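So you can see what is in the structure, the chains are spelled out below.
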Amino acid sequence: MKTILYMAISANGIIATETGDEKFLSHENWEKFCELAREFGNFVVGRKTYEAVKKWDGGYNFNDLVGVEKVIISKDQNFKLDKSYTLANSPEDALAKLSQKGFKKVLVTGGSSINSAFAKINLLDEIVFNVEPVVVGKGIPVFALEDFELKLKLISSEKSASGLLTLGYNVLK
Amino acid sequence: MKVILYMAISLNGMIAKSDDDTSWISKEEWDSYSLAVRTAGNLIVGHRTYGILTKQPEFSEFKGVKLVVVAQEDFQTLSPNHLVAHSPKEALKLLNNFEKVVVAGGGALNTSFVEENLVDEIYLDIEPIIIGKGIPLFRDKDFQRNLKLVGQKRITDNEVQLHYEVLK
Numbered sequence: 001m002k003t004i005l006y007m008a009i010s011a012n013g014i015i016a017t018e019t020g021d022e023k024f025l026s027h028e029n030w031e032k033f034c035e036l037a038r039e040f041g042n043f044v045v046g047r048k049t050y051e052a053v054k055k056w057d058g059g060y061n062f063n064d065l066v067g068v069e070k071v072i073i074s075k076d077q078n079f080k081l082d083k084s085y086t087l088a089n090s091p092e093d094a095l096a097k098l099s100q101k102g103f104k105k106v107l108v109t110g111g112s113s114i115n116s117a118f119a120k121i122n123l124l125d126e127i128v129f130n131v132e133p134v135v136v137g138k139g140i141p142v143f144a145l146e147d148f149e150l151k152l153k154l155i156s157s158e159k160s161a162s163g164l165l166t167l168g169y170n171v172l173k
Numbered sequence: 001m002k003v004i005l006y007m008a009i010s011l012n013g014m015i016a017k018s019d020d021d022t023s024w025i026s027k028e029e030w031d032s033y034s035l036a037v038r039t040a041g042n043l044i045v046g047h048r049t050y051g052i053l054t055k056q057p058e059f060s061e062f063k064g065v066k067l068v069v070v071a072q073e074d075f076q077t078l079s080p081n082h083l084v085a086h087s088p089k090e091a092l093k094l095l096n097n098f099e100k101v102v103v104a105g106g107g108a109l110n111t112s113f114v115e116e117n118l119v120d121e122i123y124l125d126i127e128p129i130i131i132g133k134g135i136p137l138f139r140d141k142d143f144q145r146n147l148k149l150v151g152q153k154r155i156t157d158n159e160v161q162l163h164y165e166v167l168k
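Just so you know, the protein sequences line up as chains A and B, in that order.
For the first sequence, the working numbering assigns the number 1 to the initial residue and increments by one for each residue that follows.
For the second sequence, the working numbering assigns the number 1 to the initial residue and increments by one for each residue that follows.
Treat the hints as calculated values from the structure; they're not laboratory data.
Since we're looking at a predicted model, the values are computed, not measured.
Where a beta carbon is used, it is the ideal one built from N, C-alpha and C, also for glycine.
There may be inaccurate statements among the hints.
To be verified - Distance condition first, Cα-Cα at most 25 Å in a straight line; then the derived PhoX-like pairs of lysine-lysine:
hint, chain 1, residue 1, chain 2, residue 2
1, B, K153, A, K120
2, A, K153, B, K55
3, B, K100, A, K173
4, A, K153, B, K168
5, B, K148, A, K151
To be verified - A short list of chain A residues far from chain B (calculated; beta carbon distances all over 10 Å):
hint, residue
6, E28
7, A37
8, T86
9, S90
10, K120
11, E149
12, Y169
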C-alpha cells in the first residue's frame, strides 16, 4: 500500500487561517485535488476537514466526487456521516478499509492533526504540496505540532502559469 | 533600496528545531545564503539569531559584511562592523546607502519586517525535511501577503529555491 499526502499550503506551510478560512488557496489547487482523487479512486481526511468542506460555498464539495471512496477519520465511532462516506477510527483503520476494497494507492489530504497522525507512525510514502504564492502569519500549520521528523527526497518541482508550485517528495524510511 | 528576506526552511516552514538546531541545513544552502549576504554587503538579524550565527565557524565568511542586529536594548556586539538597531525601520536607516538589504531571521524579526510591509522579495531555500515541532518562519501574527513567484531553481538535486516578489 502506498500512501500519498497531498496538500495545498502557503509558502510558509499554513493550510488555513485560525478561523478555518482557506480563501488564500486557489481554484486551480481544488481542481488538481479532484483530478487526483478521481485517479486514485479514494481519499482520506479527518473529521474536521470533512465538516469544514461541508460549509464551503462556491461549488466546492466532496460530494461531487461521485464514485470516489471517501474515508473520514474520527475517534467518535458514532459520528454521523452523510451517505457515501466511510468512517474509520485511525490512520491504520482507514488504510485497512481501503486495502480491503482493493486499493493499492491512498490519497491523504488533511487536516493538520490527521497529517501528523500519519507522519508520526511513518505511514506516508510520498508528499506532494501545492505551494500557493502567499505568506500567512497566523494559521493552522500543515502538520500539527508534534515530535517527529521525516527525511525526504525531492522528486519533482513544477510551476504552473499562475505561480502555483507543485513539489513532490519521497519519504525516506 | 530593495529589502530581501532570505531563509532556509523545512518543507513545512520551520527555520530551526525547537532547540535552535539548524544542522539539517546543507552546506550548499549555506553557500547560497552566504553568497547572497556577501553580494549585498550587509545583513539584518534578530538578537537570538545573532547569537547562533556568530558561533558558527562559517561566520568568518562575513568579515566584510555590515551587520545590523535588531534588539530591544543596546548590547556590546562582537565587532565594530556590527551595529544595534531597535526597530526594522531603524535597521534599514543604518543601511540606507546599500542597494539591496538582506533580512534573515529569526521568526520574530521576519514577522516585523513583513507586517510593516518592508519586504520586497523573499527567497526560500526548501530543505528536504519535515520538522514536526520547531520554530516557524513567521511568528503568529495576523497578516497575509500575496506573492508572485518570479523564479525557482535547484540548489542541489534535493533542494529547491523559491524566489518571490511581495505584491504591494
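Cross-check of the supplied hints:
{"no.": "1", "hint": "K153(B) x K120(A)", "in the structure": "violated, 30 Å"}
{"no.": "2", "hint": "K153(A) x K55(B)", "in the structure": "violated, 30 Å"}
{"no.": "3", "hint": "K100(B) x K173(A)", "in the structure": "violated, 42 Å"}
{"no.": "4", "hint": "K153(A) x K168(B)", "in the structure": "violated, 35 Å"}
{"no.": "5", "hint": "K148(B) x K151(A)", "in the structure": "violated, 28 Å"}
{"no.": "6", "hint": "E28", "in the structure": "holds, 13 Å"}
{"no.": "7", "hint": "A37", "in the structure": "holds, 22 Å"}
{"no.": "8", "hint": "T86", "in the structure": "holds, 27 Å"}
{"no.": "9", "hint": "S90", "in the structure": "holds, 18 Å"}
{"no.": "10", "hint": "K120", "in the structure": "violated, 7 Å"}
{"no.": "11", "hint": "E149", "in the structure": "violated, 6 Å"}
{"no.": "12", "hint": "Y169", "in the structure": "violated, 6 Å"}
Hint check: violations occur at hints 1, 2, 3, 4, 5, 10, 11, 12; the rest are consistent with the structure.
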